[in-house]
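S.K.: Going down the list, the protein sequences come from chains A and B.
Under our numbering, the first residue of the first sequence carries the number 1, and numbering increases by one thereafter.
Under our numbering, the first residue of the second sequence carries the number 1001, and numbering increases by one thereafter.
Calculated from the structure, these hints are not laboratory results.
Being a predicted model, the structure only gives us computed values, none of them experimental.
Don't take each hint at face value.
[Claimed, not checked] BS3-like, lysine-lysine: derived pairs with alpha carbons at most 30 angstroms apart:
no.	chain 1	residue 1	chain 2	residue 2
1	B	K1101	B	K1262
2	A	K107	B	K1722
3	B	K1466	B	K1262
4	B	K1366	A	K124
5	B	K1123	A	K124
6	B	K1436	B	K1450
7	B	K1455	B	K1366
8	B	K1722	A	K119
9	A	K68	B	K1434
10	A	K147	B	K1735
11	B	K1101	A	K76
12	B	K1722	B	K1735
13	B	K1276	B	K1123
14	B	K1276	B	K1153
[To be verified] Footprint (simulated), chain B over chain A, 3 or more residues, beta carbon under 8 angstroms:
no.	region
15	36-48
16	76-90
17	109-120
18	172-182
[Claimed, not checked] Only some residues are given here: those of chain B computed to face chain A with a beta carbon under 8 angstroms:
no.	residue
19	Y1114
20	Q1344
21	G1345
22	L1403
Think of the CB as a built atom: it goes at the ideal place given N, C-alpha and C, for glycine as much as any other residue.
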Amino acid sequence: MNVELSRRAFLQTAGAGLAGTTLGAFGFADIEAAHAAAIRSFKLANTTETRNTCPYCSVACGIILYSKGDLRKGEKADITHIEGDTDHPTNRGTLCPKGSALLGFVKSPTRLQHPMVRKPGSDKFEPISWEDALGRIARLMKDDRDKNFVARNNDGVTVNRWITTGFLAASASTNETAFATYKVVRSAGMLVFDNQARV
Amino acid sequence: MTNSWTDIRNTDLVVIMGGNAAEAHPCGFKWVTEAKANRGAKLIVIDPRFTRSASVSDLYAPIRQGTDIAFLLGLINYCIQKDKVQWDYVKAFTNAAYVVKQGFTYQDGLFSGYDEAKRDYDKSSWDYDIGPDGFAVVDETLANPRCVWNLLKKHVAVYTPEMVERICGTPKDRFLKVAAMVAETSSPTKAMTSMYALGWTQHSKGSQNIRAMAMLQLVLGNIGIRGGGMNALRGHSNIQGLTDLGLMSNLLPGYLTLPTQKEPDLAAYMSTRGFKPLRPNQLSYWQNYKKFFVSFQKSMWGSAATPENDFAYDYLPKLDLPGYDLLRAFELMHQGKVNGYFCQGFNPLQAAPNKKKVIESLSKLKFLVIMDPLDTETGRFWENHGPYNDVDPSQIQTEVYQLPSTCFAEDDGSLVNSGRWLQWHWAGGTPPGKAKRDTWIMAQLYLHLKELYTKEGGAFPDPIIKLNWPYADPGDPKAEELAQEINGRALARVTDTADPTKVLAEAGKLLPAFAALRDDGSTACGCWIYSGCFNENGNNMARRDTTDPDDAGFYSKWAFSWPANRRILYNRASADRTGKPWDPSRKVIAWDGQKWSGYDVPDIAPTAKPDQVGPFIMNPEGVSRLFTRGMMRDGPFPAHYEPFESPIVNPVAPKVRGNPAARVFEGDMAQFAEAASKEFPYAATSYRLTEHFHFWTKHVIVNAVMQPEFFVEISEQLAAEKGIVKGGWVRVWSKRGSVVAKAMVTKRIKPLICDGKTIHIVGIPLHWGFTGAAKKGFGPNMLTPFVGDANIETPEYKAFLVNIEPAPGPAA
C-alpha cells in the first residue's frame, strides 16, 4: 500500500483532471479550463493533515486531524474535521460512535481554559495565573513532605517515603507524559501512586 | 493482549466473556466479523445481558455475574473428562508433570495455610518438590498423584455441568453446547481466542477469572499461536502504557518491583530476584533483572547513581505495605491521613466505588490538584449539585486547583494499544485558552519544587535535586527527548558479551534493544521492555509501513510493539517440541535446524534448541503454569467464590464469604449486604454503552444527544413483579447509597435460576454525572461496594446487591 499518496494531494488534483474525459476527447479544451475554474476546491484541500490516534479505547484507531493553520509552520491551528485513517491496519478508516464525534471532544464547551483555584470554604472557582498556581502547589507539597517524610522506620531501616500526599495518574496520557510523571512523583518519595489501570 | 487486534482474523473460535467488544471496542470487533466471514469462525458470547456482541454470536449463554470461575473450571473439567486436551502441548509446555509438595491441600473452599484473622495465607506449601539437584521434581508419566495435572483434575471435578448450572444459572444444555465447541479447539490445527475486559477484572477475584481462562487455553494448546491467546481488551487508550511504565504504588517501569522495607540494600533486594532456573537449560529471562534495574536507576539519577551508593538505591521509597492502591488511598484519606492529592486525567469521584465515602474522603484533604482537559466532577466535589452532589461548600476546607491540560489532538507522543503496539501521534491543533501539555505541567511543578529544596533545604532533598533532567528546555521537555530516555542510551561503549570486538553502542548513542543493557552503570534505560522503540534507526513508534507478508496479520513494520517488536507473545509455543509449527497454515516461527525464524520476532533465543529450552522464557520453569505456586494471594488454582454481596450462599464452600483472601477495610464489611439478603434481593452489575466513553463523552454534544440520560435496565419479569413501567422512574438502592433513574424494561436481561432460586439482574450503565452536556445523573458508584480483587485491588463493580421500586421522578 502506498502510504505516501496524501488524501489532500488527491483532492487537489481531482477537480482539474478533465483532459482524459469525454469532454476532452471532443476537443472542448477551453471549456475544460473554464469548467475547472468554476469548481470550488474542496474545503479539506486547504487544511493541514496530522496523523493521530483515537484517545478513547485501546483499539487505538488511526485518525486524521484536519486543521486550518499548520503548527509546524508556527501557525495557530484550528481543527475543523476528524476522520478515520484508511491506511491504519486496525481500523482501516472506520470509527465507532465515539470516535466519529471526536471533534466534539476537542471543541467541548466544558474544556478547561485557564488555571482556577477554589479556596477553602468557598463556593466558586476563581482564576489564577499559572505561575501563582504552580508556586502555591509546590509550597503545599514541600510543607507536607518536610513535615511527614519518613526517612527511617522504627527498626532504623532507611525507607525515605512520603505517604501523606498521593498522585493518581491518567489513562490516556502519552508514555512520555507518564515517564515524566513517574520521575517527578517517585523522586519525591511518594508511595500513594496509582493509575486507572486497576479501576 | 498476547496477540493483536489484526490477529483475530486467524481464529476459529472467539469466546467473548467478561467483555462486550461489539459495543466497547467496535473497530477491534470488526476482526471477529472478518474471521467469521472469511474463515467460518464461530463466536460464543457468555454474559448476563444479551449484548450486541451476543446478537451477532453463533451461541449465547447467560451467566450470573461473579460466577465465571465456576463456568471456566467447568470447561476444564469437561475437557479432561472427554479427553479433549492437546496432550503434546500440555506435556511439553506446561507444568502438568511437576510434583507438588506434601502439605498442599484444598478443602471447603480454602487452600492450606489460611489465617482467618489476617484474611491471608501462609503460602509455603504451595510449591513444587525440589530435588537434590536443586531442580523441580517432575513425573513425565503424570502417574504421581501429586503432580499438577492430577491435582488439577481433582480440583475441577466438583464443577460438573449440573454444578455450573446451579452456580451460574446457565442452563446445562447451553453450557454443554459451549463446552463442545470450546473442546474442539484442543486440536493442534484449531485456535480459540479469549476476548475479555472489565467484566472479568472488576471482581474480588478478577485475577483468578483471567487465570482460569488462561489455564483452559493452555489445556487446549491455544497460547502462542495465531488466532489464539489471552486477549485483554484494555479500557483506555494508554492504560497499557501507564501500567508498562509502572505508574502504580509498588512498580518500577517494565514490571520491576519497588523495594520493601525488608530490603535495606541492593544486595538484599536482588537476593529475592535471582530467578534461578527451576529446570535444566532454561533461559529464565528475569535473570537479567539487575541490568534492567540498574539501567532504570541511571535514567532516574544519572551520575548520582554509582556502584558505591548501590546505584542510588536509597533514593527509592521503600514500601511497608503491599501497596497504596486507589482504594487504600481513599481509605487513608477517609481516616484523615492524606493531606494532598493529585488527579491527572482521572475522575475518581465518578470512577471509584461508594461515592459517599469518596466525597467524605476528598473533603478531608488540605489540597487537591486536578490536571485535566475537561471539567471533571472530582474538581467540583465541593460544589452543591442537589441530589447528584449533596454537599455544603462552606463545610469543606480543601484548597482545589484546576489546571487545564491539552487533549490528544494538541499533544505529541506515543500510546500503547491493547496489542502492545506503541503508536506515535502528532499534535494537530492549538490548545484552548491557557491549556498546557502535561509534560510542561509536570516539568514546571518539578522545577518549582527543586528550587524550593535548593533554597531552603528540607527532608532528604537529594533524590529531587539530583534527579536526571537532561532536556534542552528543562521547563518543557519534548516528547522525543522523553521517548529516547525511555528507550535508553549507552553511557560508555557497550560491547557484545560473547564477542568484545563487536560494539553494540558507542557512548552517548541510543541503545539498539534491551539485549544491550548492562548492570555496571554503563547503560541508562527508562523502561527496559520498551527498549528499541526509539533507537539509532529513528522513532520506530512512528513507522507507517503496512506490509503484511501472506496477509498473516502481523504488520511488523507498523509502529513498534513491546517487547522487541514481537507481535505474538510466547510464539515459540506455536511450534512443537521439534520446532515444527503445530499447524503449518498458522505458522508464526519455525526451527530450521540452526535457528528460529518466521513472520514474527521469535520469543526465544534465536539459536535455543527446541527440545531443550522451553517456550515460556520469563518463567524459571521454562513452561507455563497450570499451578501457580505462591504467586497469587488467593490460591495456586482458581476456586469459585461468590461476590462479597451475593444473592445465594456459595454452593461449593458455604462457610466462605466472598474471596477469603481479599482485603476488606474495617467499616466496609459492615456496609456489605449479607448473602441471600432479603433486604437487597437483586444482583446488580455496572456496564458501559457504545455511544459513550466513561465520563468523557458526556462532554461531547453529539454523544450526549445520543444517550442523554441515566437509566437502569431490568427484565420484563422483574418489572411486572415490582409494578415498574417502561420509561417510568425507579429508585435503586444498596447498603451504601440510593439513585433515581429511568427504567429500561428489556428482553436483553432475563431472570436466572441459581441454586433453585430465581435471580433478577439489574443493569446500571455508568456514564453520567453533574458536569458536561448530558443530563445530570447518578452512576452505579453511589451503590458499589468498597472492596477489591485479592491480588491487584480492582474494585468489585460488577457484582453487588440492590433493591428497586417504582418512584416519583426527581424534582424538576
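S.K.: Take the hints in turn and mark each one as holding or not.
M.R.: Hints versus structure:
1. Between K1101(B) and K1262(B) the alpha-carbon distance is near 27 angstroms, which keeps this suggested pair within the 30 angstroms criterion.
2. Of the supplied pair hints, the one linking K107(A) and K1722(B) is violated, its CA atoms being roughly 44 angstroms apart against a limit of 30 angstroms.
3. Restraint check: the Cα-Cα separation between K1466(B) and K1262(B) comes to about 25 angstroms, which is no more than 30 angstroms; the hinted pair holds.
4. Of the supplied pair hints, the one linking K1366(B) and K124(A) holds, its CA atoms being roughly 17 angstroms apart against a limit of 30 angstroms.
5. Proposed proximity of K1123(B) and K124(A) is contradicted: the alpha carbons are some 53 angstroms apart, above 30 angstroms.
6. Between K1436(B) and K1450(B) the alpha-carbon distance is near 20 angstroms, which keeps this suggested pair within the 30 angstroms criterion.
7. Proximity of K1455(B) to K1366(B) is assessed by CA-CA distance (about 24 angstroms); at most 30 angstroms being required, the pair is judged to hold.
8. This hinted pair does not check out: K1722(B) and K119(A) have alpha carbons roughly 47 angstroms apart, beyond 30 angstroms.
9. Distance restraint check for K68(A) and K1434(B): the Cα-Cα separation of roughly 20 angstroms lies within the 30 angstroms cut-off, and the hinted pair is therefore satisfied.
10. Restraint check: the Cα-Cα separation between K147(A) and K1735(B) comes to about 38 angstroms, which exceeds 30 angstroms; the hinted pair is violated.
11. Only pairs whose Cα atoms come within 30 angstroms are accepted, and K1101(B) paired with K76(A) is rejected, the gap being roughly 68 angstroms.
12. For the hint pairing K1722(B) with K1735(B), the CA-to-CA distance comes to about 20 angstroms; that is within 30 angstroms, so the pair holds.
13. Among the hinted pairs, K1276(B) with K1123(B) is consistent with the structure: their alpha-carbon atoms are about 20 angstroms apart, no more than 30 angstroms.
14. At most 30 angstroms may separate the alpha-carbon atoms for a hinted pair to count; K1276(B) and K1153(B) meet this at roughly 29 angstroms.
15. Coverage of a stretch by a chain is defined here by at least three residues with a beta carbon nearer than 8 angstroms to that chain's beta carbons; for the region 36-48 of chain A and chain B the count is 1, and the condition is violated.
16. Coverage of the region 76-90 of chain A by chain B holds in this model, with 8 residues showing a Cβ closer than 8 angstroms to a Cβ of that chain against a need of three.
17. Counting residues of the region 109-120 of chain A whose beta carbon lies closer than 8 angstroms to any beta carbon of chain B gives 12, which reaches the threshold of three, so the coverage claim holds.
18. For the region 172-182 of chain A, the stated coverage by chain B holds: 11 residues have a C-beta nearer than 8 angstroms to a C-beta of that chain, and at least 3 were required.
19. The beta carbon of Y1114(B) comes no nearer than 25 angstroms to any beta carbon in chain A, farther than 8 angstroms, and the hint placing it at the interface is violated.
20. Hint status for Q1344(B): holds, given a least beta-carbon distance of 5 angstroms to chain A, under 8 angstroms.
21. Evaluation of the G1345(B) hint against chain A yields a held restraint, the C-beta minimum of about 3 angstroms falling below 8 angstroms.
22. Taking 8 angstroms as the C-beta contact cut-off toward chain A, the hint placing L1403(B) at the interface holds, the least distance being around 5 angstroms.
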